[in-house]
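Enquirer: Listed here are the chains, written in short residue letters.
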Amino acid sequence: MPRHRNVSLFVSLLMLLSLLACQPSIAQPEPLSPATLVPQTMEPAPTLAPPPQPEAPKSLVIVIPEDPPSFNAAIADSGYDALAMHLSLLGMAEIDPQGVVYPVLAAELPTQENGGVVIDDASGAMDVTWTLRPDVTWADGTPVTTDDVIFTYEAITNPDTGFWIPGIDLVTGVDKIDDQKFVVHFSSVYPSYLTLFGGRQVVIWPKHYCDATQGFQNWDCGRQPLSDGPYILKEWVTGDHLTFERNPKYYEAGKPGIDSIIIKIVPDTTVRETMLRQGDADIIMWATEQVADDLKNDSNVKVSISDTNRFVMRLFFNLAAKGSTDAKADPNPLFTDPLVRQAIRSAINVDQITGSVWHGFAVPVWSEFFRPPYNKCEIARPKYDPEAAKSMLDRAGWVVGADGIRECKSCQTAKDGTKFQFELLTYSEYGEPLILTQQLIAENLKEVGIQADLSQVQGSVMWADSASGGIEQTGNFELDLYDDGYAGSDPTDFLYQYYYSASADPDYGWNIGRWINPSMDELIDSAYTLNEADRQSAFCQMAKILDEELPQILLFSTLNADAYATRVNGVQANVNSVVSWNAADWTFAK
Amino acid sequence: MTQYIVRRLAQAVAMMFLLSIVFFALVNLAPGGPLAGYGNARRIPAHEVARLKRQLGLDKPMLVQYVVWLVGNDWMKVDLDGDGVADSYGARRGVLRADFGYSFRTRQPVLKEIGQRVPNTLYLMSITLFVALAIAIPVGVISALKQYSPFDFTVTTLAFAGQALPDFWLGLILIIVFYVWLRNPSTGEPLLPSGGIYTIGAPFSIADRLAHLVLPVMAGALGWLAWYSRFLRSSMLDVIHQDYLRTARAKGVPERTVIFKHALRNALIPLITLFALDLPYIFGGAVFIEMIFSWPGMGLLYYQAALQRDYPVLMAVLVIGALFIIVSNLLADLLYAYLDPRIHYD
Numbered sequence: 001m002p003r004h005r006n007v008s009l010f011v012s013l014l015m016l017l018s019l020l021a022c023q024p025s026i027a028q029p030e031p032l033s034p035a036t037l038v039p040q041t042m043e044p045a046p047t048l049a050p051p052p053q054p055e056a057p058k059s060l061v062i063v064i065p066e067d068p069p070s071f072n073a074a075i076a077d078s079g080y081d082a083l084a085m086h087l088s089l090l091g092m093a094e095i096d097p098q099g100v101v102y103p104v105l106a107a108e109l110p111t112q113e114n115g116g117v118v119i120d121d122a123s124g125a126m127d128v129t130w131t132l133r134p135d136v137t138w139a140d141g142t143p144v145t146t147d148d149v150i151f152t153y154e155a156i157t158n159p160d161t162g163f164w165i166p167g168i169d170l171v172t173g174v175d176k177i178d179d180q181k182f183v184v185h186f187s188s189v190y191p192s193y194l195t196l197f198g199g200r201q202v203v204i205w206p207k208h209y210c211d212a213t214q215g216f217q218n219w220d221c222g223r224q225p226l227s228d229g230p231y232i233l234k235e236w237v238t239g240d241h242l243t244f245e246r247n248p249k250y251y252e253a254g255k256p257g258i259d260s261i262i263i264k265i266v267p268d269t270t271v272r273e274t275m276l277r278q279g280d281a282d283i284i285m286w287a288t289e290q291v292a293d294d295l296k297n298d299s300n301v302k303v304s305i306s307d308t309n310r311f312v313m314r315l316f317f318n319l320a321a322k323g324s325t326d327a328k329a330d331p332n333p334l335f336t337d338p339l340v341r342q343a344i345r346s347a348i349n350v351d352q353i354t355g356s357v358w359h360g361f362a363v364p365v366w367s368e369f370f371r372p373p374y375n376k377c378e379i380a381r382p383k384y385d386p387e388a389a390k391s392m393l394d395r396a397g398w399v400v401g402a403d404g405i406r407e408c409k410s411c412q413t414a415k416d417g418t419k420f421q422f423e424l425l426t427y428s429e430y431g432e433p434l435i436l437t438q439q440l441i442a443e444n445l446k447e448v449g450i451q452a453d454l455s456q457v458q459g460s461v462m463w464a465d466s467a468s469g470g471i472e473q474t475g476n477f478e479l480d481l482y483d484d485g486y487a488g489s490d491p492t493d494f495l496y497q498y499y500y501s502a503s504a505d506p507d508y509g510w511n512i513g514r515w516i517n518p519s520m521d522e523l524i525d526s527a528y529t530l531n532e533a534d535r536q537s538a539f540c541q542m543a544k545i546l547d548e549e550l551p552q553i554l555l556f557s558t559l560n561a562d563a564y565a566t567r568v569n570g571v572q573a574n575v576n577s578v579v580s581w582n583a584a585d586w587t588f589a590k
Numbered sequence: 001m002t003q004y005i006v007r008r009l010a011q012a013v014a015m016m017f018l019l020s021i022v023f024f025a026l027v028n029l030a031p032g033g034p035l036a037g038y039g040n041a042r043r044i045p046a047h048e049v050a051r052l053k054r055q056l057g058l059d060k061p062m063l064v065q066y067v068v069w070l071v072g073n074d075w076m077k078v079d080l081d082g083d084g085v086a087d088s089y090g091a092r093r094g095v096l097r098a099d100f101g102y103s104f105r106t107r108q109p110v111l112k113e114i115g116q117r118v119p120n121t122l123y124l125m126s127i128t129l130f131v132a133l134a135i136a137i138p139v140g141v142i143s144a145l146k147q148y149s150p151f152d153f154t155v156t157t158l159a160f161a162g163q164a165l166p167d168f169w170l171g172l173i174l175i176i177v178f179y180v181w182l183r184n185p186s187t188g189e190p191l192l193p194s195g196g197i198y199t200i201g202a203p204f205s206i207a208d209r210l211a212h213l214v215l216p217v218m219a220g221a222l223g224w225l226a227w228y229s230r231f232l233r234s235s236m237l238d239v240i241h242q243d244y245l246r247t248a249r250a251k252g253v254p255e256r257t258v259i260f261k262h263a264l265r266n267a268l269i270p271l272i273t274l275f276a277l278d279l280p281y282i283f284g285g286a287v288f289i290e291m292i293f294s295w296p297g298m299g300l301l302y303y304q305a306a307l308q309r310d311y312p313v314l315m316a317v318l319v320i321g322a323l324f325i326i327v328s329n330l331l332a333d334l335l336y337a338y339l340d341p342r343i344h345y346d
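So the sequences go chain by chain: R and X. Residue 563 in the working numbering is what sits at position 563 of the first sequence, and the numbering runs on without skipping anything. Residue 119 in the working numbering is what sits at position 119 of the second sequence, and the numbering runs on without skipping anything.
Since the hints were derived computationally from the structure, they do not count as laboratory data. One should not assume that every hint holds.
Claimed, not checked - Here are the computed lysine to aspartate or glutamate pairs in the EDC-like style, where the Cα-Cα straight-line distance is at most 16 Å:
| id | chain 1 | residue 1 | chain 2 | residue 2 |
| --- | --- | --- | --- | --- |
| 1 | X | LYS53 | R | ASP507 |
| 2 | R | LYS58 | R | ASP259 |
| 3 | X | LYS53 | R | ASP160 |
| 4 | X | LYS112 | R | GLU113 |
| 5 | R | LYS419 | R | ASP453 |
| 6 | X | LYS77 | R | ASP160 |
| 7 | R | LYS322 | R | ASP453 |
| 8 | R | LYS255 | R | GLU245 |
| 9 | R | LYS181 | R | GLU108 |
| 10 | R | LYS181 | R | ASP121 |
| 11 | R | LYS181 | R | ASP147 |
| 12 | R | LYS255 | R | ASP135 |
Make a model of the complete structure from these sequences and hints.
Expert: This is the structure in structure tokens:
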């Protein structure tokens, strides 16, 4: 018996130890101070004024599936980092849901009209002079100054520890004029200069608090930030939740309107939806089409839906042969003829896909310029017309074979007898809607005599660099299907990365179709101007070329939506940022 | 026995070394890479990819990466700024000096990431296993003693159902029943919470902790319960037909003593061995249970690290998991010898 008693004791001891071991990680928050400077006011976090109405809920709960990697959205840009970042940190400027840039830390937006932007006609260089608001302080009372901006710039550009952000390659330096004014020097005109240190991904970091030696990517203040935004991080229990409290030093009088915000990590979609229905959650960030559909008749829940998403489901043609990255020397036998690409577009029934798979929430898209403020080009929506598709394929020299699959007969791009059969590839993480979309596209193509063999891989395989065997960078694909689009409201950098000839070089850009068009290069070059009329004109000319050439087929924009409880006011989905972009304006309904 | 333990430990060290090589090769040779993230990360330019690789140590040949992972690079000069000149010492100390590196995703020390999750997993899984055993033992015994009775048929049916039901499905059903449908009559609140370890912001309370444990333990324990009860039933059936029990009864030993002193003790020996072999789950956790019940444990950490190719986290979980398995195997062998005097390892 003593032996068995020992075994029982062992098991009991194991359980007791695990219970005890659990306590610290659950009960104790991570220390708020980073390695170096610890502002006195951060410990304890500033106390809050009692809520005006005791019966009103105190905390707003946002549910998301995984932890933010950090508060620095410039590094991973998972979206959840941006969610947390916008609760507690500010950039120079932000973008609203309509694509309009507005000042945040900046007193006003610098423009050529107000003298804030000066372009040297001789060299093409551009200087942008910013003025900071005088009334913004960090949570410890230290004013936000030019030193913080320069500190952030130097951290980003540090060759050992920095991290690239869009547009930073064009910046030659940032100079201090005084504590409130600084000038950013660009080597050439950069249209997105307003959101270089702002927008969805970038904020200004406190020089006196962050430890520069730890580096921009790794510094502790990226996980325990010192706020200048509406909320202060009080507690982060990894994998479980983050708790924020109102920043009493926030610069906008009377804001934020809610005392505390909890970001709760709930990995399962169904459970997140159930929590919202039950009143245990207030916001589901990035509600899926299924969730939006489920919730549409729930009187306690609303869904804020953007007009479009930034992400467009699209087909990427590889215009080089599979395994090659040179479309000129080694053209793709199936897709090289633009008439074939036009036929494939005509064969796909986008409305059927959006209605049946995406619950009617997906919006058909056929041009890169579908979002404000550049959605002014008149490109007619292509028609779903399988008969026209068959006719085009016939004209291109692809005739229906004995087995119903088309084969080359004087098609110019392949040997006679070549079957029109290829691999249609997508990534597996998106889940059922994308898989069903892939199947419907294959069925549509089958109707016109094209055989698409379906396969899926993980995104980490599809988009890896060439040395890691990335399928796209090595050109080892035929037709890819996934969602993509540009962050912010300016498509210029995106166009360069996806359609410029230089971006066709492996590992340089994402012109993975290796589509080369000198006219497009010239137009993209010409879009790097601050003259909005010229930019709009260039974009519309690009839209026409893209519509004729079809290096990609754009299908539809997926849903950008945030579901929220009706007891919360002010929640508005923002395709240019994340749901917390206006968190300071949120209130509980009385 | 001491000699045996020393020999097994020496074998374990060699085994761990070999396993670490296999794991490292498998993790790194799998197609894809950690730099193929989503969103903006997909569009970073080539020079930035090169810099990131350098910063994360991914630019070196795999053998060098393994050596750095194992013994660190603070003893050799590395090229941090990409000028082609190795001019400063590295900062990694290597696994042998308890440095598992930094997570690619969060840039936090891997051991810190794991340290935040392990207690939660130990907490849930040890209680789950304990509950499963506490119910499975009497159920298994009664089932064996009353073989082919209605109780036995019922338990057998439930056991098969318990093993067949997927965790995630059962978890969702439990949430619907106990979180959505059933209400606390006095407060009107859901009878049980949908997930998490405790109520955020509420003062510490044992009752609150237990309320959060009920559903994940129910969902997790059912499969184990079915497995252990079936095993014990079979083991008991083997034992109760042995001659020495007939002899004990013939000598007039009371039935209770025959069952609990002579039969159960022997029937439990293989079960305890089995339990020891299952101990690694206490570290590894259960992905679906953690996912459904928002339980921040090791299973979820590993799952996310695998999806995002977070090599340092993956390697640490694999290596520490392998260590648990080796130690559990050793423990099972030792327990077996301890509980069964017929077993000798010398």
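Enquirer: If a hint holds in the structure, say so; if it doesn't, say that too.
Expert: Right, here's what the structure says about each hint:
{"no.": "1", "hint": "X:LYS53 <-> R:ASP507", "in the structure": "holds, 13 Å"}
{"no.": "2", "hint": "R:LYS58 <-> R:ASP259", "in the structure": "holds, 6 Å"}
{"no.": "3", "hint": "X:LYS53 <-> R:ASP160", "in the structure": "holds, 12 Å"}
{"no.": "4", "hint": "X:LYS112 <-> R:GLU113", "in the structure": "violated, 52 Å"}
{"no.": "5", "hint": "R:LYS419 <-> R:ASP453", "in the structure": "holds, 12 Å"}
{"no.": "6", "hint": "X:LYS77 <-> R:ASP160", "in the structure": "holds, 14 Å"}
{"no.": "7", "hint": "R:LYS322 <-> R:ASP453", "in the structure": "holds, 14 Å"}
{"no.": "8", "hint": "R:LYS255 <-> R:GLU245", "in the structure": "holds, 12 Å"}
{"no.": "9", "hint": "R:LYS181 <-> R:GLU108", "in the structure": "holds, 12 Å"}
{"no.": "10", "hint": "R:LYS181 <-> R:ASP121", "in the structure": "violated, 24 Å"}
{"no.": "11", "hint": "R:LYS181 <-> R:ASP147", "in the structure": "holds, 10 Å"}
{"no.": "12", "hint": "R:LYS255 <-> R:ASP135", "in the structure": "holds, 14 Å"}
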